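Number of protein chains: 2
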Amino acid sequence: MDHTIIQKEIEFALQNKKNPQHLFDLVHSLRPYDISEVLRELSLEEQLDLISKLPIVLAAESLEYLEPEVQYHILRHLKDSIASPLLKQMSSDAVVDMLLAIHPLQAQRLLDLLPEDYRDKINQLMTYPEYTAGSLMTVDYIAARAYWNGEQTLSHIRKVGHEAEIVSYIYVTDIRGELVGVCSLKEIILARPDTRLGEIAIQDIITVPADMEQEEVANILSRYDFYALPVVDQQNRLKGIITVDDVVDVIQEEATEDFQKMGGSSPLSEPYFKTSTWELFRKRIIWLLVLFIGGAYTANVLEKFSDTLSKIVELSFFIPLLTGTGGNTASQIVTTLVRALGMGEVTFKDIFRVIRKEIITGCLLGLSLGFIMYIRAVLMGVQTNVGWVVSISILIIVLWSSLVSAILPLILHRLKVDPAVVSNPLITTLVDGTGLIIYFTTAKLLLHL
Amino acid sequence: MDHTIIQKEIEFALQNKKNPQHLFDLVHSLRPYDISEVLRELSLEEQLDLISKLPIVLAAESLEYLEPEVQYHILRHLKDSIASPLLKQMSSDAVVDMLLAIHPLQAQRLLDLLPEDYRDKINQLMTYPEYTAGSLMTVDYIAARAYWNGEQTLSHIRKVGHEAEIVSYIYVTDIRGELVGVCSLKEIILARPDTRLGEIAIQDIITVPADMEQEEVANILSRYDFYALPVVDQQNRLKGIITVDDVVDVIQEEATEDFQKMGGSSPLSEPYFKTSTWELFRKRIIWLLVLFIGGAYTANVLEKFSDTLSKIVELSFFIPLLTGTGGNTASQIVTTLVRALGMGEVTFKDIFRVIRKEIITGCLLGLSLGFIMYIRAVLMGVQTNVGWVVSISILIIVLWSSLVSAILPLILHRLKVDPAVVSNPLITTLVDGTGLIIYFTTAKLLLHL
Numbered sequence: 001m002d003h004t005i006i007q008k009e010i011e012f013a014l015q016n017k018k019n020p021q022h023l024f025d026l027v028h029s030l031r032p033y034d035i036s037e038v039l040r041e042l043s044l045e046e047q048l049d050l051i052s053k054l055p056i057v058l059a060a061e062s063l064e065y066l067e068p069e070v071q072y073h074i075l076r077h078l079k080d081s082i083a084s085p086l087l088k089q090m091s092s093d094a095v096v097d098m099l100l101a102i103h104p105l106q107a108q109r110l111l112d113l114l115p116e117d118y119r120d121k122i123n124q125l126m127t128y129p130e131y132t133a134g135s136l137m138t139v140d141y142i143a144a145r146a147y148w149n150g151e152q153t154l155s156h157i158r159k160v161g162h163e164a165e166i167v168s169y170i171y172v173t174d175i176r177g178e179l180v181g182v183c184s185l186k187e188i189i190l191a192r193p194d195t196r197l198g199e200i201a202i203q204d205i206i207t208v209p210a211d212m213e214q215e216e217v218a219n220i221l222s223r224y225d226f227y228a229l230p231v232v233d234q235q236n237r238l239k240g241i242i243t244v245d246d247v248v249d250v251i252q253e254e255a256t257e258d259f260q261k262m263g264g265s266s267p268l269s270e271p272y273f274k275t276s277t278w279e280l281f282r283k284r285i286i287w288l289l290v291l292f293i294g295g296a297y298t299a300n301v302l303e304k305f306s307d308t309l310s311k312i313v314e315l316s317f318f319i320p321l322l323t324g325t326g327g328n329t330a331s332q333i334v335t336t337l338v339r340a341l342g343m344g345e346v347t348f349k350d351i352f353r354v355i356r357k358e359i360i361t362g363c364l365l366g367l368s369l370g371f372i373m374y375i376r377a378v379l380m381g382v383q384t385n386v387g388w389v390v391s392i393s394i395l396i397i398v399l400w401s402s403l404v405s406a407i408l409p410l411i412l413h414r415l416k417v418d419p420a421v422v423s424n425p426l427i428t429t430l431v432d433g434t435g436l437i438i439y440f441t442t443a444k445l446l447l448h449l
Numbered sequence: 001m002d003h004t005i006i007q008k009e010i011e012f013a014l015q016n017k018k019n020p021q022h023l024f025d026l027v028h029s030l031r032p033y034d035i036s037e038v039l040r041e042l043s044l045e046e047q048l049d050l051i052s053k054l055p056i057v058l059a060a061e062s063l064e065y066l067e068p069e070v071q072y073h074i075l076r077h078l079k080d081s082i083a084s085p086l087l088k089q090m091s092s093d094a095v096v097d098m099l100l101a102i103h104p105l106q107a108q109r110l111l112d113l114l115p116e117d118y119r120d121k122i123n124q125l126m127t128y129p130e131y132t133a134g135s136l137m138t139v140d141y142i143a144a145r146a147y148w149n150g151e152q153t154l155s156h157i158r159k160v161g162h163e164a165e166i167v168s169y170i171y172v173t174d175i176r177g178e179l180v181g182v183c184s185l186k187e188i189i190l191a192r193p194d195t196r197l198g199e200i201a202i203q204d205i206i207t208v209p210a211d212m213e214q215e216e217v218a219n220i221l222s223r224y225d226f227y228a229l230p231v232v233d234q235q236n237r238l239k240g241i242i243t244v245d246d247v248v249d250v251i252q253e254e255a256t257e258d259f260q261k262m263g264g265s266s267p268l269s270e271p272y273f274k275t276s277t278w279e280l281f282r283k284r285i286i287w288l289l290v291l292f293i294g295g296a297y298t299a300n301v302l303e304k305f306s307d308t309l310s311k312i313v314e315l316s317f318f319i320p321l322l323t324g325t326g327g328n329t330a331s332q333i334v335t336t337l338v339r340a341l342g343m344g345e346v347t348f349k350d351i352f353r354v355i356r357k358e359i360i361t362g363c364l365l366g367l368s369l370g371f372i373m374y375i376r377a378v379l380m381g382v383q384t385n386v387g388w389v390v391s392i393s394i395l396i397i398v399l400w401s402s403l404v405s406a407i408l409p410l411i412l413h414r415l416k417v418d419p420a421v422v423s424n425p426l427i428t429t430l431v432d433g434t435g436l437i438i439y440f441t442t443a444k445l446l447l448h449l
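Protein chains in written order, with the UniProt record's numbering: chain A, 1 to 449; chain B, 1 to 449.
Do not take every clue at face value.
As the list makes no split between identical chains, a pair holds if one copy fits it or if it spans any two.
[Claimed, not checked] Capping the alpha-carbon separation at 25 Å, the derived lysine to any residue pairs in SDA-like fashion look like this:
1) 444 / 103
2) 53 / 12
3) 8 / 202
4) 311 / 380
5) 79 / 16
6) 159 / 196
7) 349 / 296
8) 444 / 392
Treat the hints as calculated values from the structure; they're not laboratory data. As the structure is a computational prediction, the values presented were derived from the model and not from experiment.
Starting from the given sequences, assemble the full structure and let the hints guide the process.
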């Protein structure tokens, strides 16, 4: 969908005040995301004009796709009589995200536009820490009572459904607000109109607490193929719901973050081109320095073995190949394990199974590579003894790398540190120095230096 | 949820044949995923017993979570009178996944259980290649006509809704099967019962072709926050729909795959513990060998410079640190770009913007690291000249790594090769050898060797 053409058409329709039907026809065929892309390119005046002329549901949803500052800017310049219902129509999780991103004084100004009871709800939502279930949830769900029948429920949906983010599930609560059942809209429609919700609702409900980490929420929702997940407090009172579209965003964000961490950089908070050069530099230099300091000891190791090195210069030829292979083995294991930990496939209690698996695989890999390394050395025409040294060293280095890379992510996960900090560069640097020690010690022993 | 306890209870209920209500009460509170976890642990006899006693919708959904071989095994041993409606009740994409994974003869045996028209549909679905929109879609959607009113549509849903995978969207098709509109169930319920679908349906629909890559499908669905996406052929005829739960799985799988690729291993097709040691070995050794062969030339580079090396042994101290830093910079850039390409944030036409951004960042990083490298060398007490050599080398190496890592993923993406093949180990190996050439050339020039 080409947003530039739509933008031109919309600008034209906005100017053509004599024929309001034109604008209406245009936007009727557009989705909120498309409208948000157009809004981005319009002047403030045009933005205000367009937003005020859109049906309120469409206006609210389109606004939600924009950056917090832009949302604020538009809401602030609209007449209160338009801004107030618009803000109320926006889904509560989007409102909270915006309010937390702008200045508290600006947030207060917007909060004042809301009716008191809704303002309290939003204020409460704002207290949940980032990256938790609470920060993802919306209060725009549909609740019903167990003694309502299908007919009554549908007429309730007709009354409040406009504000709900999702109507696929109806949440059955009791008089204390406790969640006692969940019913899908499909079941209500399929059942006879006089069937009470209590009869068709599932009573043993999968819920999450507000302080659960968002990654875990995503794992639960995707495991069960749900479209939404209810959030309850310790008294099992329904506080809100998390919808699958927000979880999709979480999954994407978490994967991007882990990616960047595994590449040895602090994760970027914005898409690539929105990140300034200075920001890129800052995110990268931190880890480069850590790695530099971590790697600097390789120079000391080599200095310590400079006698050996100057006696047999040939040994130095294989330094990059040996450390490289150790690092490559480590990268393979660490990435696999970090991902498996993130997906909940592996946990700390599996540590011995993981070690066993990796050591056996490491043996196979080390023997294969050792064999090839020996041939390579012979082909280069180095002394036979040096060939044996590199060949045996690589076996030990691969086993050592396997052990370190199998243990480290699991221990970090156990210590509640994100295992993705064991990035590829970090593990490579870690096994570089130890690899050199293994290499030169093997050389000393075998060559009697 | 502890599946062992549930399993015990279910086994007990299965044996307790006098009180069938007990089993009914038990499974009524369980979700399909939970039942699948229990099924996994039961004997074949118990599996058959449980499946035959479950309500058919629940039985079908539970089966869908199991591995294809297990699904086949159960279906094959059930009486035809149970297996046939069960297979028909399963969502068509799950059936297709199973049939494609088992032996063609086994697949044929199952297909024979289906009524002819449905068998044709399944046969057609099986022709779509893996990882495309076609392979993700299900034909279990609800279609309606534009002239139906809300009342008629609801009664249609009551008739066919049991088989539909999602009822949140109703697809409006014309007499030729062309998709002319989409309506959400919410809108139908909110509208007056006599409103015709044509009045409330969105006519300008976002659709995807059956041969679109699944990654792109996932990007579209997550951008628009849809719960399902219609798949059409070139005549705009509705062929099926893709639901968000399958897209969530795709997003997770693609991220896992990219992760493992970036770690320098061929992606595993199964979760970690389900992958045999031999399989792990096979997936890893391929890339280790490629990298080994790629890295082997570093030995030649060093051999070529062995004169320089033997004159100033100190130069060898910094080999791992220099190649390591080059590799780290490259890893940071490559992971960021591969992810950005995968998410559609960056494309080939941005290549000059990317190069510019990375070169400027590289300058900043190279200058900072060069400064620190100089201090480090001085502290180690090497000759001042060697300090200058390592310091200048690192600046050039960082710039060179930045350039290579900025260009390579974009070019591969352009050539329709998955840019994730430029894994961290690969880019590290690539810049290792060139880094050494830069280092020793700088040394020769500056130290007049």
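### Query
With identical chains treated as interchangeable, where does the CA-CA distance between residue 311 and residue 380 reach 25 Å or less: within a copy, between copies, both, or neither?
both (18 Å within a copy, 21 Å between copies)
### Message
Treating 25 Å as the Cα threshold, decide for residue 79 and residue 16: within, between, both or neither.
### Response
within (22 Å within a copy, 69 Å between copies)
### Query
For the identical chains here, do residue 349 and residue 296 meet the 25 Å Cα criterion within one copy, between copies, both, or neither?
Classified as neither: same-chain Cα gap 34 Å, cross-chain 39 Å, threshold 25 Å.
### Query
Between copies, within a copy, both or neither: which fits residue 53 and residue 12 at Cα up to 25 Å?
Classified as within: same-chain Cα gap 14 Å, cross-chain 64 Å, threshold 25 Å.
### Query
Using 25 Å as the alpha-carbon threshold, which applies to residue 159 and residue 196: within, between, both, or neither?
Answer is both; intra-copy 19 Å and inter-copy 20 Å each pass.
### Identical-chain pair category, residue 444 with residue 392, by Cα at 25 Å
Within one copy, since 13 Å is at most 25 Å while 33 Å is not.
### Task
Since the copies are identical, ignore which copy is meant and state whether residue 444 and residue 103 lie within 25 Å (CA to CA) inside a copy, between copies, both or neither.
For residue 444 and residue 103, the Cα distance exceeds 25 Å both inside one copy (64 Å) and across copies (57 Å).
### Task
Pop the pair residue 8 and residue 202 into one bin, within, between, both or neither, using alpha-carbon distances up to 25 Å.
between (50 Å within a copy, 21 Å between copies)
The structure fails hints 1, 7 (numbered hints given earlier, in ascending order).
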